[in-house]
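Fit chain W to the supplied structure of chain C, relying on the hints for placement.
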Amino acid sequence: MKKLMTGNEAIARGAYEAGVKFASAYAGTPSTEILENIALYKEIKAEWAPNEKVALESVCGASIAGARSLAAMKHVGVNVAADALFTYSYQGVTGGTVLITADEPGQHSSQNEQDNRNYGPFAKIPVLEPSNSQECLDMVKTAFEISEKYDTIVLIRMTTRVCHSKSIVECSDRLDIPLKKYEKNGPKYLTLPSFSRKNRVKVEERLNRLEDFSNETELNRIEDNKSNIGVIASGGAYHYGKEVFGDEASYLKIGFSFPYPDKLIKNFSEKVEKIYVIEENDPIMENTVKKLGIECHGKDIFPSYGELTPDVLRKALYGKAADTIDYNKDLVVGRPPTLCAGCPHRGFFYEIAKRKDVAISGDIGCYALGASEPYNAMDFNLCMGGAFSTAHGAQQVFDMNVDENKRVVGVLGDSTFFHTGINGLFNVVYNKSKAISVILDNRITGMTGHQENPGSGYTLQGDPTEMIDIESLVRACGVKNIRVVDPNNLADMKETLDWAVGLDEASVIITRWPCALKKFSKEDKEEFGDLFTSKYKIDFEKCIGCKKCIKTGCPAISFDKASKKSFIDILQCVGCGVCSQVCPVEAIERVEM
Amino acid sequence: METKSILLVGVGGQGTILASKLLTTGLMEAGYDVKMSEIHGMSQRGGSVSSQVRYGKQVQSPVIELGGADILVSFEKMEALRWLEYLKPQGKVVVNDFKILPMPALSGKEEYSEKILEELSSKVETKIIDAGKEALKLGNAKVMNVILLGSTIKMMELTDIDWNKIIEDNVKPGFVDINKTALEAGMKLV
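Chains C and W, in that order, are what the protein sequence lines are.
Residues in the first sequence are numbered consecutively from 41, following our numbering.
Residues in the second sequence are numbered consecutively from 151, following our numbering.
Treat the hints loosely; a few may be bogus.
[To be verified] Stretch-level coverage of chain C by chain W, calculated; a stretch enters the list once three of its residues show a Cβ under 8 Å from a Cβ in chain W:
no., region
1, 199-207
2, 596-609
[As the list claims (entries may be wrong)] In silico SDA-like pairs for lysine to any residue, Cα to Cα no more than 25 Å straight-line:
no., chain 1, residue 1, chain 2, residue 2
3, C, Lys587, W, Glu261
4, W, Lys154, C, Val352
5, C, Lys575, W, Lys154
Derived by calculation from the structure, the hints in this document are not laboratory data.
C-beta: ideal position from N, C-alpha, C; glycine also.
Same shape as in the complex, but just chain W:
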């Protein structure tokens, strides 16, 4: 099969790293060759972050190139637009209807546009989900990341993999059940 590319983006602290860990582990156990690239360091301090996941028969570059992602999953609205040029023109966007103001917007120097979702939807197939609201329904705001992972898995037709086992093996015992529920909720949202 041709190598597929999933680009997970968000803001430092939103849990993209756990989502990509579960995703890549599942893909590996399903028998795919997998590569994943992240940038650590300065960007953690409230900056824009990305996890780039690629899988297939044999993967070469761990990095997704411009116009190379099959799907862009954004944990925050503005980040979807920032990373959109990495999506294939026929690719899909899953965007969390969630806003984290960057410093220039916090200080009022620049405007955080209300037209982001509109701009995304007008250019590319876009699924807008409210993972924040869904997470609160489940009683833990932190599982937003696994809800988004659930939506990603559904969109990429990867539901045959035993994700419950992946969660059991990789999440602390006390959080296994809520993450399983979150994953399922995410699948239902798309």
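Just chain C, same shape as in the assembly:
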């Protein structure tokens, strides 16, 4: 059966065909659709975990208990899961175990660019790099065979373009892989130093055997076009290389990139005169080639950052990309992402943006858009779940400095709070800072496209489950000052911020209103009533053109320079009512639909 699939869909299909029985992930672009697609196969128990470390640990447990298991996450998620990863490398597997990392050369939707192939040598585990969707499917199946044969977790490195590009895939049936019999095995699975020292030796022996495999496997292959030019490439960059060089070069196509296929590289180097190593991000293969005493070109001509798309390669090789049309680019206005019409984060950012006495510590999610125009309401943000901890540290230091009378406000979302944000709150309470912690609870994981989380009341498959209550959780952390507020009510929002800043100790504000794009649950409708059933319109007779409504940053409101009036696009407006509260002349009226 031939199908067009994204790399993420093909990974899911591969997991299905490989007989995987358990999968876990935390959402993160560009990896999110892997688990969403795995969840479509009823034979696999698929779960959103609260964070990547929990996801990988659950997968390790499932493997120990005998099932083929898979974890998926974005590149920075592997940092969160790394503690489990490095030790699970020593333990090896019972049921095969695969970890998918989705890296982001070009940082389309990420805070950094890191090359997770580095985890191969660092954690001493094999790395596979698919270059298209068919390889995604096939390599998942091969990865499970390698995992069980060599007793190791296997890392598959994807990149954004491999994850989100579609190509044609041939599917086959699911393998019948029974659960392995569970046997208690202390020396293998207990991480006591006496056992781990022995397993440490086992890991080195395993690497030696995997190096032999790397030289023999068809995952690494020479495509000999009898050319003097040789290209060594892996992942998506292999296809970029072929786009530019075509049949004018011979190729060493690397699918199994760690341990390195030393013999194959030497063999290839004897067939060609000039070698280009094309790899996105770090010069990992390039350094391997050079270590073997073989001359090559790599990061001396190709960039170390961003994507190595064909135009980038052409510019690096020939000094220019293909011919383009010359036109007046000054006419082009930027189109930055914005908080959606009706976004419940708007009321919070609109109010806090007006305060001069605070520094705002943000996080990773839709609320990062609070940093942009017109709010400019963010001083710093670091990593997923980091808002409260960085706020805490900054507050402790501002408090030492009499000239810097600032309150630090940490801001994160519900999913981010469950991810690792709660640990930061422990720190605020335990170490007695007066940082203000704000949880923007929009009842869903937003930015990645609406994934359920421990607070939403539903599982990945949409089955009802326990809804973990954030307010109770915060209270149990020992926070004395807690307010829950409707962020669309600006007067309440302002009063609540005044209250928090007025306290000389820590407080938590929970803004609670569902994401405007969310499919509302039964519980949402019960709690919030008839959501978004009205619209707002501007009475042009009353509008004085003061642009106060424009400053809410709502994409449904525009300002017409000719008439000097604001205008609300009825198709976009969802009736949150924030604009009507800022209008000084009551020109914005509610219209029932």
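Chain W only, in chain C's frame:
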């Protein structure tokens, strides 16, 4: 055959994804090798979006390079100009005469130029269509995307493919007929 490249661009929410899904499925069933690339994530929040479709005997890169597209199909005027450098100098533009103001223009900080179509037409072979008006004529503003797909298919001489079947297989039953009509209307516009 040489690999062909179709670049569909627009604003998040305009339906470029369904259009590219129908297009790529049709191309695959016609026997071409096909690759398609999209960027998801932050750009969905009212940002600029693109679907890059490439087809031929054997396609390598899923990404269209600068100066690499045979046709640029823009669901929104400003986006046509933003992505124009991805078009081959002898390539063609199909542009929807439809405006979605970006935040800097909404707030009045920057001007949304009225000269976009003029600039496009003066530089490259440009077909201007009003898919929004056409969609309203058909009674559903949302089929603008399939109207634009129809124009794309005609311009790329892909009308031999059984697009009605592709629509039947990929669109919810209640929307099959209107999408078939939309596709045909789009073909007639160019």
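Outcome of the hint check:
1. Only when three residues or more bring their CB closer than 8 Å to a CB of chain W does the claim for the region 199-207 of chain C stand; here the count is 6, and the claim holds.
2. Under a criterion of three residues with beta carbons nearer than 8 Å to beta carbons of chain W, the stated coverage of the region 596-609 of chain C is upheld, 4 such residues being counted.
3. Annotation: proposed proximity of C/Lys587 to W/Glu261 holds, straight-line Cα distance about 16 Å (limit 25 Å).
4. For a cut-off of 25 Å, the pair hint linking W/Lys154 to C/Val352 stands: about 20 Å separates their Cα positions.
5. Simply put, C/Lys575 and W/Lys154 have alpha-carbon atoms about 45 Å apart, too far for the 25 Å limit, and the pair is violated.
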